[in-house]
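> The chain contents come next:
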Amino acid sequence: MSASSADAALARQTQLDDEYARRHDHAVAMGGEVKLARRREQGVLNARERMDRLFDEGSFIESGLFATSAVPADALKSPADGKVAGFGRIHGREAAAVANDFTVMGASSGATNGRKIAHMKRVATQRGMPLIFLGESSGARMPDHMGSRGMGSLLGNDGAQYQRLRETPWASATLGLSYGSSSWYSVMSDFHVMRKGAVLAVSSSLLASLAVKEEVDPQELGGWKLHAEVTGFADMVVDTDEQALLAIRQFLSYLPSHHQEAPPVAPVPEGSGQGMADILKLLPASRTQVYDVRQIIRTVVDRDSFFELKARFGRVGVTGLARLGGQTVGIVANNPLYKGGALDTDACEKITSFIVLCDSFNIPIVMLVDTPGFVIGTEAERRRAPGKIMNFMNALSLVSVPKISLVLRKSYGQAYLNMGGGRNSDEFAGWPTAEISFMDPQFAVKVVHGLEPGSPGFDEAQAQMDRASSVWDIASIYAMQSVVRPQDTREYLIRMLQVHELRMTRGVGKHLMHAWPTSY
Amino acid sequence: MSSSPLLSQVTGSVWEITAQVGQTLAPGDTVMVLESMKMEIPVLCEDGGTLLEILVEKGEAVSEGQPLAVVSA
Numbered sequence: 069m070s071a072s073s074a075d076a077a078l079a080r081q082t083q084l085d086d087e088y089a090r091r092h093d094h095a096v097a098m099g100g101e102v103k104l105a106r107r108r109e110q111g112v113l114n115a116r117e118r119m120d121r122l123f124d125e126g127s128f129i130e131s132g133l134f135a136t137s138a139v140p141a142d143a144l145k146s147p148a149d150g151k152v153a154g155f156g157r158i159h160g161r162e163a164a165a166v167a168n169d170f171t172v173m174g175a176s177s178g179a180t181n182g183r184k185i186a187h188m189k190r191v192a193t194q195r196g197m198p199l200i201f202l203g204e205s206s207g208a209r210m211p212d213h214m215g216s217r218g219m220g221s222l223l224g225n226d227g228a229q230y231q232r233l234r235e236t237p238w239a240s241a242t243l244g245l246s247y248g249s250s251s252w253y254s255v256m257s258d259f260h261v262m263r264k265g266a267v268l269a270v271s272s273s274l275l276a277s278l279a280v281k282e283e284v285d286p287q288e289l290g291g292w293k294l295h296a297e298v299t300g301f302a303d304m305v306v307d308t309d310e311q312a313l314l315a316i317r318q319f320l321s322y323l324p325s326h327h328q329e330a331p332p333v334a335p336v337p338e339g340s341g342q343g344m345a346d347i348l349k350l351l352p353a354s355r356t357q358v359y360d361v362r363q364i365i366r367t368v369v370d371r372d373s374f375f376e377l378k379a380r381f382g383r384v385g386v387t388g389l390a391r392l393g394g395q396t397v398g399i400v401a402n403n404p405l406y407k408g409g410a411l412d413t414d415a416c417e418k419i420t421s422f423i424v425l426c427d428s429f430n431i432p433i434v435m436l437v438d439t440p441g442f443v444i445g446t447e448a449e450r451r452r453a454p455g456k457i458m459n460f461m462n463a464l465s466l467v468s469v470p471k472i473s474l475v476l477r478k479s480y481g482q483a484y485l486n487m488g489g490g491r492n493s494d495e496f497a498g499w500p501t502a503e504i505s506f507m508d509p510q511f512a513v514k515v516v517h518g519l520e521p522g523s524p525g526f527d528e529a530q531a532q533m534d535r536a537s538s539v540w541d542i543a544s545i546y547a548m549q550s551v552v553r554p555q556d557t558r559e560y561l562i563r564m565l566q567v568h569e570l571r572m573t574r575g576v577g578k579h580l581m582h583a584w585p586t587s588y
Numbered sequence: 107m108s109s110s111p112l113l114s115q116v117t118g119s120v121w122e123i124t125a126q127v128g129q130t131l132a133p134g135d136t137v138m139v140l141e142s143m144k145m146e147i148p149v150l151c152e153d154g155g156t157l158l159e160i161l162v163e164k165g166e167a168v169s170e171g172q173p174l175a176v177v178s179a
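So the sequences go chain by chain: A and B. Add 68 to a position in the first sequence, counting from 1, and you land on the number used in my numbering. Add 106 to a position in the second sequence, counting from 1, and you land on the number used in my numbering.
Bound-form chain A, shown alone (with noise of 0.2 angstroms):
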């Protein structure tokens, strides 16, 4: 090569390296040091932080970072579109993620950053990976929206976009002011945390005081209260951006790739199970006295591998991933520090959907009962309680993975066949403490008898009532499978978990909620 043939060349190269220079500095330089400094004081941090919190360090590899909005005169003032997208490593796993920058005109939808996320979804279903979502946007776009024309070319054109068939799992993070397709797939997702302050809600407060012509709180609308403790559309809340991060890390530590796979094995901690000798101080001797279940599904699996979801959500039903054994499993028992562990109709749906996701990605489903029954009464029958606990069986029922179901100690009525009991589980064993039967006996006496406690007769029709309803009876005609010692239960769980492994399909079970509805 010549001297001036080798110096065009590389002006031509210098050319092109500078013309890129540019357009990466002005794309990553997002809504503009103003806006990016005055998220740093909130202790907030900005769309392509959060990715690089999120993914494997230096593993991100960026997906439309040259795009811009379709309107020409917005070209300038929309880097990436106001999301980011692209693909990174989680614990060396790879996954497809969309991160809201809200610096850029809100973050709002448009005709471009619609692609993105439609090109995330595709190549996350079709290769395997989780996809995740960073929510805070402001909804769609105006007035790229608005008139017939807006609606037709920005809105409808994919009969898919909020279809749902968990063959990937999703996860999800509303860490600001998030209304429209923000908070569609944040409440889509199989886990989504919010972060304190954040907002999720179908429109914005100053949209809704418009519409109900009030003062609408943004707290009150779409708070981290509201969500965790009364819609239950936040799995887990967290203060900060970074523990948001570290959630949907942990979340999918425990989940496989995609649903054709096992979830992943991790190695048992140190000192996993060491508080099994001294498991039955954890359940009161007295009968009448309440206990905080999670203590004990602490102790019996491995050392600080429980994840619970929905931790202020229906609280009577506890919900939440965890290994023993280095296996993922998902855990759902009953608490009878809230409620004696009666299940309300929260708790009935926290449940439907956890075992839902459970059986969506190849999860065996570990029960720990001790449950008095049903919440009844009016109120639970306003709030629909039949329909809720037959979801729940129909769900049980539905479940291919295997289901384990363990009473630790009372198991009553419908509740007994909702929480695993006879042939609802693949194995049903119990605590010598369970006791198992149709109703409490002193119930039964006034239903039966019309006889409250003290009045003659009662003592007699109660001594009729109060057949045997220990374990053995149960056991003996083997309607129950094993009889396990408490000190003994971890043992029992991994190595029947072991027993129970779906050879014929490495792991694989048959799906057949994967439509089912993300909330009820």
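Just so you know, these hints were derived from the structure itself, not from any lab. Treat the numbers as computed from the prediction; the structure is a model and nothing was measured. Treat the hints with care, as some may be off.
Each pair of labels, with its calculated beta carbon distance range [said to hold, decoys possible]:
hint : chain 1 : residue 1 : chain 2 : residue 2 : range
1    : B       : A132      : A       : H94       : 49 to 57 angstroms
2    : B       : T156      : A       : G525      : 44 to 52 angstroms
3    : A       : G490      : B       : Q172      : 34 to 42 angstroms
4    : B       : T156      : A       : L570      : 47 to 55 angstroms
5    : A       : T356      : B       : Q172      : 15 to 23 angstroms
6    : B       : K164      : A       : I545      : 41 to 49 angstroms
7    : A       : R217      : B       : T156      : 56 to 64 angstroms
8    : A       : M219      : B       : T124      : 58 to 66 angstroms
9    : A       : M572      : B       : A132      : 47 to 55 angstroms
Even glycine gets a Cβ: it sits at the ideal position worked out from N, Cα and C.
Position chain B relative to chain A; hints supplied.
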């Protein structure tokens, strides 16, 4: 200083009041115990605070959602 009521999770009766007005409560402390479904069910102050007022008496019947006490947030 804002305050928030502790609501009854269940329909039942007040079995025992275990905390006193003015007392500082740590997150998870028990304020009173209700009796419902033959069980003794504690009413917990989940986020902690100072107990400002107790709205019920021992033995009183309470319904689900009824305010039982007021705690400073």
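> Going through the earlier hints one by one, which of them does the structure break, listed in rising order?
none
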